[in-house]
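First to last, the sequence lines map onto chains H and Z. Just so we're aligned: the first sequence equals residues 34 to 127 in our numbering. Just so we're aligned: the second sequence equals residues 397 to 763 in our numbering.
If you are wondering where the hints come from, they were derived from the structure by calculation, not from laboratory data. Errors might be hidden in some of the hints.
Listed below are several chain H residues computed to face chain Z (Cβ distance under 8 Å; list not exhaustive) [to be verified]:
(1) Pro-60
(2) Leu-64
(3) Arg-113
Under the rule of at most 20 Å between Cα atoms (straight-line distance), these lysine to any residue pairs were calculated in the SDA-like manner [stated by the list, open to error]:
(4) H:Lys-77 - Z:Gln-405
(5) Z:Lys-491 - H:Pro-79
(6) Z:Lys-407 - H:Asp-92
(7) Z:Lys-555 - Z:Gly-639
(8) Z:Lys-572 - Z:Asp-598
(9) Z:Lys-407 - Z:Ala-612
(10) Z:Lys-572 - Z:Gly-624
(11) Z:Lys-491 - H:His-67
(12) Z:Lys-491 - Z:Ser-566
(13) H:Lys-77 - Z:Leu-402
(14) H:Lys-77 - Z:Val-403
(15) Z:Lys-491 - H:Gly-69
(16) Z:Lys-491 - H:Gln-53
(17) Z:Lys-555 - H:Leu-73
(18) Z:Lys-555 - Z:Tyr-578
(19) H:Lys-77 - Z:Ile-414
(20) H:Lys-77 - Z:Lys-572
(21) H:Lys-77 - Z:Glu-400
(22) Z:Lys-491 - Z:Leu-402
Distance ranges between label pairs, derived from CB positions [as the list claims (entries may be wrong)]:
(23) H:Gln-45 - Z:Asp-478: 28 to 36 Å
(24) H:Asp-80 - Z:Ser-457: 24 to 32 Å
(25) H:Asp-80 - Z:Asp-609: 23 to 31 Å
(26) Z:Ile-748 - H:Ser-110: 34 to 42 Å
We put the beta carbon where it would ideally sit given N, CA and C, even for glycine.
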Amino acid sequence: MSTDIASAGLLQRALELHPQVALRPEPFGALAYHYGTRRLVFLKHPDMVAVTRSLAEHDTLSSALRAAGIAESRWPSFERAMSSLVESGVVHER
Amino acid sequence: MSAESLVEQLKTGLDAPICLTWELTYACNLQCVHCLSSSGRRDPRELSTAEAHRVIDELRSIQVFYVNIGGGEPMLRRDFFDIVEYSVSSGIGVKFSTNGAYIDDASARRLASLDYLDIQISVDGADEATNDAVRGSGSWALARSAMDRLADAGFGPFKISVVATRHNVSQLDRFKQLADSYGAQLRLTRLRPSGRGVDAWDDLHLTAQQQRDVYAWLLDHGDSVLTGDSFFHLNALGDPLPGLNMCGAGRVVCLIDPIGDVYACPFVIHDDFRAGNVRDAGGFTEVWRSSELFAELRQPQSAGACASCGSFDACQGGCMAAKFFTGLPLDGPDPECVTGHGAAALSVPVRIAPRPAHDHSRLAAHR
Numbered sequence: 034m035s036t037d038i039a040s041a042g043l044l045q046r047a048l049e050l051h052p053q054v055a056l057r058p059e060p061f062g063a064l065a066y067h068y069g070t071r072r073l074v075f076l077k078h079p080d081m082v083a084v085t086r087s088l089a090e091h092d093t094l095s096s097a098l099r100a101a102g103i104a105e106s107r108w109p110s111f112e113r114a115m116s117s118l119v120e121s122g123v124v125h126e127r
Numbered sequence: 397m398s399a400e401s402l403v404e405q406l407k408t409g410l411d412a413p414i415c416l417t418w419e420l421t422y423a424c425n426l427q428c429v430h431c432l433s434s435s436g437r438r439d440p441r442e443l444s445t446a447e448a449h450r451v452i453d454e455l456r457s458i459q460v461f462y463v464n465i466g467g468g469e470p471m472l473r474r475d476f477f478d479i480v481e482y483s484v485s486s487g488i489g490v491k492f493s494t495n496g497a498y499i500d501d502a503s504a505r506r507l508a509s510l511d512y513l514d515i516q517i518s519v520d521g522a523d524e525a526t527n528d529a530v531r532g533s534g535s536w537a538l539a540r541s542a543m544d545r546l547a548d549a550g551f552g553p554f555k556i557s558v559v560a561t562r563h564n565v566s567q568l569d570r571f572k573q574l575a576d577s578y579g580a581q582l583r584l585t586r587l588r589p590s591g592r593g594v595d596a597w598d599d600l601h602l603t604a605q606q607q608r609d610v611y612a613w614l615l616d617h618g619d620s621v622l623t624g625d626s627f628f629h630l631n632a633l634g635d636p637l638p639g640l641n642m643c644g645a646g647r648v649v650c651l652i653d654p655i656g657d658v659y660a661c662p663f664v665i666h667d668d669f670r671a672g673n674v675r676d677a678g679g680f681t682e683v684w685r686s687s688e689l690f691a692e693l694r695q696p697q698s699a700g701a702c703a704s705c706g707s708f709d710a711c712q713g714g715c716m717a718a719k720f721f722t723g724l725p726l727d728g729p730d731p732e733c734v735t736g737h738g739a740a741a742l743s744v745p746v747r748i749a750p751r752p753a754h755d756h757s758r759l760a761a762h763r
């Protein structure tokens, strides 16, 4: 499932941080640890952390990006970063 | 942010370690010839249960996600399950290393009932003869019996942990088959000349050809084999292996030893790399954040003799512990430098290798 939603249209998906994932703020962004899969993932920008934390409050990724004040020109890079979080199970579809 | 700049940032240190090793006891039923902590006898200064709980409380408050528990043989502590259960229920996952001797049916079931617990059973050969030559007579049978019991108890995918040596490196496929037969995951790590490994190093460390073989094998197996990112010195051979290409000592990793001493990494139990003790005022957090040693390790490090080598960006000069305990300068090549600079450095006429700080070997008095 995860690779399907990662492939296309992620901007229009309803996503959330996986309930078994903990985020630890760091100067570069955050560390994410998935207690289920034991995977450790780096979120490499504070904006990415803010967007990831807010996903559950929004119907789609694009509305989360807009609410966080992310310029549309940066959306493609956020979409790519988010799809890798989906692939690692840190973020999943609601 | 690129992977390179992330690594650059990690080298300046974090407010809390990413990966922390905690050796619970120096007591061990085995006497492996390469034991990184020279374990055997319990140290009377070992942390009490209450002190262990305080360490866990601290780790929770600074958001350490998991601890790697080892020893010695951690299951020899009477409060082993108490400590593990306290940690897991505090939201700190436990990955623990054991030789398996104390995993009976009851403890296998108890271990299987815990969330956020990973087990690594150590073996150093894919058959009894190869394994027992390093880990001692009977150790293969104990480890296999533990694996069988964990499988019977429905533990799920445990890990089989192997230190790559000159004598087992031809068995990598067999280790993988052994792991696969249990639905387990293989973990292969680098031998360091630490602890009793100082004396075993010359006999056990890989030849130059074997290093190339391990590198190729690891590249072939990608993320399916865990390495603790311990082979980054091999990255000078070509494409990087999976994982962070850096020495994390005192920057993102450290060791708490059984008596509460905090060292830069599990492989440098020596006064030169002791940052403080969890019993000091301010506890572990103060040691991690304020020790002079760790502050120094978080400064940009000199490439020294490696600065002129075109491979330095790939290998980062290798492993600090491997250099230290073979008597090589820290700002020079790793003793197993794949371009051969380490071998040249080792051949100097007078080379004084430091001895580890403690020796808890059961035969130490007779040496």
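Which earlier hints can't be squared with this structure?
-> 3, 5, 6, 8, 9, 12, 20, 22, 23, 25 and 26
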